[in-house]
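Those sequence lines, one after another, are chains A and B.
Residue numbering for the first sequence follows this note's numbering, starting at 31 and increasing by one per position.
Residue numbering for the second sequence follows this note's numbering, starting at 31 and increasing by one per position.
These are calculated hints, taken from the structure and not from any lab test.
Keep in mind that the hints are not guaranteed to be accurate.
Identical copies go unnamed one by one, so any copy, or any two together, can satisfy a pair.
Simulated crosslink set (DSS-like; lysine-lysine; CA at most 30 Å straight-line) [claimed, not checked]:
(1) Lys240 to Lys134
(2) Lys240 to Lys91
(3) Lys357 to Lys314
(4) Lys171 to Lys91
(5) Lys357 to Lys326
(6) Lys235 to Lys91
(7) Lys171 to Lys87
(8) Lys91 to Lys226
(9) Lys240 to Lys87
(10) Lys134 to Lys322
(11) Lys322 to Lys87
(12) Lys214 to Lys226
(13) Lys87 to Lys235
(14) Lys116 to Lys134
(15) Lys322 to Lys235
(16) Lys91 to Lys194
(17) Lys87 to Lys120
(18) Lys114 to Lys165
2 protein chains.
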Amino acid sequence: MDNQRVVLASRPSGWPTEENFRLETAPAPKPAEGEVLVKNLWLSLDPYMRGRMDDVKSYAKSVDVGGVMEGETVAEVVESRNPKFKKGDKVVARFGWQLYATAKDAMKVEEGRAPLSYHLGCLGMPGRTAYFGLKEIGQPKAGETLVVSAASGAVGSVVGQLAKSWGARVVGIAGGSQKCAYVKDELGFDAAVDYKAGNLHRDLKEACPKGIDVLFENVGGESLDTCLRLMNPFSRIVICGLISEYNLTEPYRYRNLRSVLVNRIRMQGMIVFDWRERYGEALKALTDMYAKGSLKYRESVVEGLENAPRAFLSLLKGGNFGKQLVKLA
Amino acid sequence: MDNQRVVLASRPSGWPTEENFRLETAPAPKPAEGEVLVKNLWLSLDPYMRGRMDDVKSYAKSVDVGGVMEGETVAEVVESRNPKFKKGDKVVARFGWQLYATAKDAMKVEEGRAPLSYHLGCLGMPGRTAYFGLKEIGQPKAGETLVVSAASGAVGSVVGQLAKSWGARVVGIAGGSQKCAYVKDELGFDAAVDYKAGNLHRDLKEACPKGIDVLFENVGGESLDTCLRLMNPFSRIVICGLISEYNLTEPYRYRNLRSVLVNRIRMQGMIVFDWRERYGEALKALTDMYAKGSLKYRESVVEGLENAPRAFLSLLKGGNFGKQLVKLA
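Turn these sequences into a full structure, and let the hints guide you.
Below is the structure:
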């Protein structure tokens, strides 16, 4: 049985290209005693993967050149040598950009309550990121104004809906009128601001007449720097992602940091792994919200592992609309 | 009886000059029923005063053009029409850059335990700033590395000594070999780095072989941007002052904000007024420390109100060595 996998062919400098990836065919791995062999059904593509392509110190190890690209998948157990799992079980884990993998352990997912792919999105890592970032750092109170960037994306859409359900006024930043309409009309945000319209400061100011109390930042750069000018006293900034910076060879230069002092802002970086002991709490909250019909969610699907690099490059430019997935089987 | 006072003659653009100030003579005010008349003995000069000269939204109101420059003083009650105070009482309050003032209330200071002027420094606002910033935001744990900028100054020197007493390893950033020697030899910091030596990143890295766990930032600009490169996972940054930015017409542009995400840094701005209900707690802790001889402190004194503007301009360039005071009587 053959495995297909996408490996890192070379490290990018600045924007990656398809040449930085290589599709390989190799024999599928065999599970050792205590392991399972899984077949990946869905692969999640996420902005953090750009960081793994670089050889710089970060919170996680880089992918080696020649190594399989890292990524979370929903998979099916096809062979089990571990009594905890049986053939046909559905699991989620970091099985990478490939068709088959072996593992000692993985998180089982319950079928039937939600589409399997949702465990890579609103009920998975992006959903948990939204939940802990908001609950532990952003802490929006009823009546406060929350702004979230990349608002139509996997994390942003959950952030906004959670904050709405907690009583905040929610403003989303997204690229283009289609995404903005979705954020406002489908997700139910109070306002949406199109960063591509070219008047970000003016438009945000208009959308946030009482200033910003919580900023959930997924993008960074101009977006963050502009929001800094509108932050209220004692406001909070969740630094969840800085996608606009990941492909710059020279970092963005922030002008408005003085606002942190003047407004006594608390700005905090987050990585969802830091709450791994509490994943169950997030899953329960998000699943309940989904079951009540109050968690809207959108996916952007490409088919076939060979198309993963192209879809990933598009994601880095905001080309996706909703959570980006690769359907593998 | 004549009052002398320094008023804001005009607003500066960039670095202020002596022309932005004017020394005036006017009749001393008379206390109304319920008020006291005080004679200022010591005037504190502090970097935050630069902000009050600008007409921009900040956490505190600007000084009006023609208005008396704001500032904290130690004063003596010379006439009391308030039963809480009697002639000869020593008080601390925001009586401004002048010889006489009237007020309804002020904080009495106990004489004898420490020099009166210390209530403008290590036992006053700068001391409280160090105490609450460190205790509530920086939270150094035993064995952690703390870096403080403007280390020989009123706030910085207390920050370092407090952190040492709580078991942290303390590194100070100061300008010039004399201040660095003081920080290390007199204040007992573990290391001192001279930012004027031109190798801030290299020297800091050498002084902090295990990285930085807490940064207490009084300066901003290059100092903060350089420290961002050395911050550890889960480290904290107290944004207490950004003196290097106060005179720039174009703000400093920070390059290394990505460290906040990668290292899950918590960066928080602070203004000591936010803890005003707890000033007594800080005074007790600092007075105890002083009484035990474990709070070293240095003053830089000029005599005469007419010299306040010049001393203030020098302070903005780091020309002071220790807490800058003006002796008025």
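Numbered hints the structure breaks, given as an ascending list: Numbers 1, 8, 10, 11, 15, 16, 17 and 18, in rising order.
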